[in-house]
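Peer 1: Here is how the chains run, residue by residue.
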Amino acid sequence: MNESAGTLGAIRKFTSIRGMGQVISVTVALIIMVTAFGIINPNFFSSENVMNLLRQISPILIIGIGQSCVLITAGIDLSIGSVAGMSCMLSALLMTTLGRMHPVAAVLLTVLSCVLIGALNGFLVAKTKLPPFIATLGTMIIARGIAQLNGRNTDSILMLDDPNNPTYEAFRQCFYYGKFLGLFAPTWIALILFLIFAFLLSKTRTGRHTYAIGSNYEAAKLSGVRVVLAETKVYVASAFLSSVVGLILMAQSGMGTMDAGNMYELNAVAASVIGGVSTMGGQGLLFGTVIGAAIWGVLNNGLQFAGAPLALRNIVIGVVVIISVLIDRIARGNKIGIGDMIFGTNRKTSKTPPNGNGDGNGVS
Amino acid sequence: MQSEYLVELSNISKEFPGVKALDSVSFDLKAGEVHALLGENGAGKSTLMKIMSGVYELDSGDFFVNGDRVTDIDPRKAQELGIAIIHQELNMCAHLTVAENIFLGREKIKGGMLDQKAMNEAADIILKELKLSLSPQTVVGNLPVSSQQMVEIAKALSTDAKVIIMDEPTSALTSKEIDELFRIINDLKKRGHGIVYISHRLEELTHIVDRVTILRDGRYIKTLNFADTNLPEIISMMVGHEINEKFPRVRCERGEKLLEVKHLNAGPLVRDVSFELYKGEIIGFAGLMGAGRTEVVKALFGANRIESGEVTLEGRRLSIRSPINAIVAGIACAPEDRKREGLCVNLHIRENVGLANLDSICGPLGVINGKKERELTARAINELKIKTPSQVQSVKNLSGGNQQKVVVGKWLVRDAKVVIFDEPTRGIDVAAKVEIYNLMNRLKEQGIGVIFVSSEMPEVLGMSDKIIVMCNGRITGTLPVEDATQDKILTLATRYETYSA
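If you read the protein sequences in the order shown, they are chains A and B. Numbering of the first sequence is given in my numbering, commencing with residue 1 and proceeding in unit increments. Numbering of the second sequence is given in my numbering, commencing with residue 1 and proceeding in unit increments.
Each computed DMTMM-like pair below joins lysine to aspartate or glutamate, with the alpha-carbon atoms no more than 20 angstroms apart:
1) K488(B) with D179(B)
2) K371(B) with D415(B)
3) K221(A) with D160(B)
4) K221(A) with E89(B)
5) K221(A) with E80(B)
6) K190(B) with D28(B)
7) K203(A) with D115(B)
Just so you know, the hints here were simulated from the structure itself, not pulled from any lab data.
All chains should be modelled from the sequences, with the hints used to inform the complete structure.
Peer 2: Structure, rendered in structure tokens:
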């Protein structure tokens, strides 16, 4: 209880947060990566590129927040990419051929429909106990199907047809092109959503229950946690977040696109696991997801800047996903996190063998 | 009217599809007493306790708490009624801290946010009351099992539980830790809590129990004051017939030297271990939990890496780098955690037996010869008297004792020369234990060398021909069974300094 005072104590306390080790190590990796790209191409640090990069990262970050929450419950949500696509196409439909709605109404209706998909996921996983992989695989296909209902069913895109309509323009500013304090709208949206969800996860009962059901579902249930409700919530949240991403994609291009958000669900898994979220549940910090998404974005952007072809970018990102999780696993095998290696904390416990002589409670 | 009883269950029945789990069973609990609920596996103890703690609903019967009738109970409501259960398989969120686990589902909230400080402080007070030196902020997954159990007890107390149900609380504890648990139980008793105590280790009861209730096959047999009865009587009521000899030792002429282990080193808990095993001999490994006994057998079986040392089987030096080397050489192992390490519980018996013998039942193209597989399985079932309706019975539906037999059986049909049993009787009932003992004896009579690791001293003393005591990774003594006593073993098991036998 008596933490050693001063900065060292504060650092120790900080590094002792669950999953912080991986977050610290990937942050270091990110810094190295950014520095390297900056040296290769000084334009990488131009304010224009930085702003663009932050905007580029935003969708994957937003969707990654949702995926991280689901992964923390030991689930997975495969539907979120398709839900983003559905949100993209549906909002375009509602603003044009289907009712010519005011963007505010269209946005609300779109978000609501996407949340319903999330609720369906929650029902299937939490109530009927379908494996999350299967349940969300089904809704992934369904949502993609909805994204393809563009009224005419032949075109893969649906343009916002009236370029002079000021409400369209306002919508696109609000979700993509607008700038405030030097940052683009998607960056602000991502930042705000990150702060809200980080708060929810770390400071509220809902967040605690999210970790608990991922850590030990039975224990949570027997402790009186309303597990069905808690599990449903994360799927609803993740669908909500992907609907926001769909709106950003729609605002960006000014059209509904059938395959918008394709593969986002897996990129979101990549961002989450790079950031130290465990796919086995119970562990993960949203800040790690931010760093994971940033690494994903920086690699894409930096390699593009350095003139690397798409194929190479994908290969590199794939390798990074594997390596980051591998490093974490190796560090864990040694019973010390990477944060502990750097800051020298936790050495004491690492020396006692895993199955110590039952006097482990002496070490505290 | 205030009832004398904290909890009263009368004529409770509960049926699952195809099984009558409880048939008109009654049970009650007074404040300040420890009431043991006894019975073999499948007797209905767990079902009854799950009804009390709101996991199951009862089909018929009456359930009173403090004299008030209870209906429609769920885990949350049971908690509100002051009934807490500590499950045998501990239910903790390993990623969360002690305080977070204690208040899981009942988090303290201030201004819409979790009040971590208040929860840590409240947890600290409870831990101090229990005289435990645990920090509320330790992550539970980093604690030894014994401490996790104490956290469960703290959790129960934090709910103001008057009734605490403990299901096999000592099955994973060392004797020192058990003493600590009993201290706490007696403490709780004095504070007016009622404790329902379920255990297969009947010897423990003497230290804490006031009354016992015995169930058999889902039926109520009897409730007795513990002072008015004795263990043989309790056992005979549990099994429905007398077990004449709890440890049916057979005398066997010791054969030639089978296995010789010299200066074995494998990790911090196997240091310079040497011993010899003869044909038709049972060696018992005794010691406290964490003494390195499991690590020794794991190293022998190739599951843990051997750093140095010699293993010789029938005069041939073995190079054991992975379990496959040990298996080919004729060493079989029934591991400590049979469900996790010993069996594929979702597969049926034949598949489990086949899996360990694929080399002998597969044709040149890797196609499984079904006839050979059936023959092998039939042999395993016959030789070990595995009770099962068919070869294709899913292993998870077998009783603990029969599961253990499948683990052994799958190796036995390979003509193993050395069979290792690591805690084979943990969590299984008296009758099944005796069957395991008989199994070890049969192996012994066939001239097989048996290595037997157990934390229950009576069975080590009762079954072994030679007892090796370990402490902190080293062998601190080897005793022929004639000279061995519990006292001697305990002295050796706690001899922490270097000692050469």
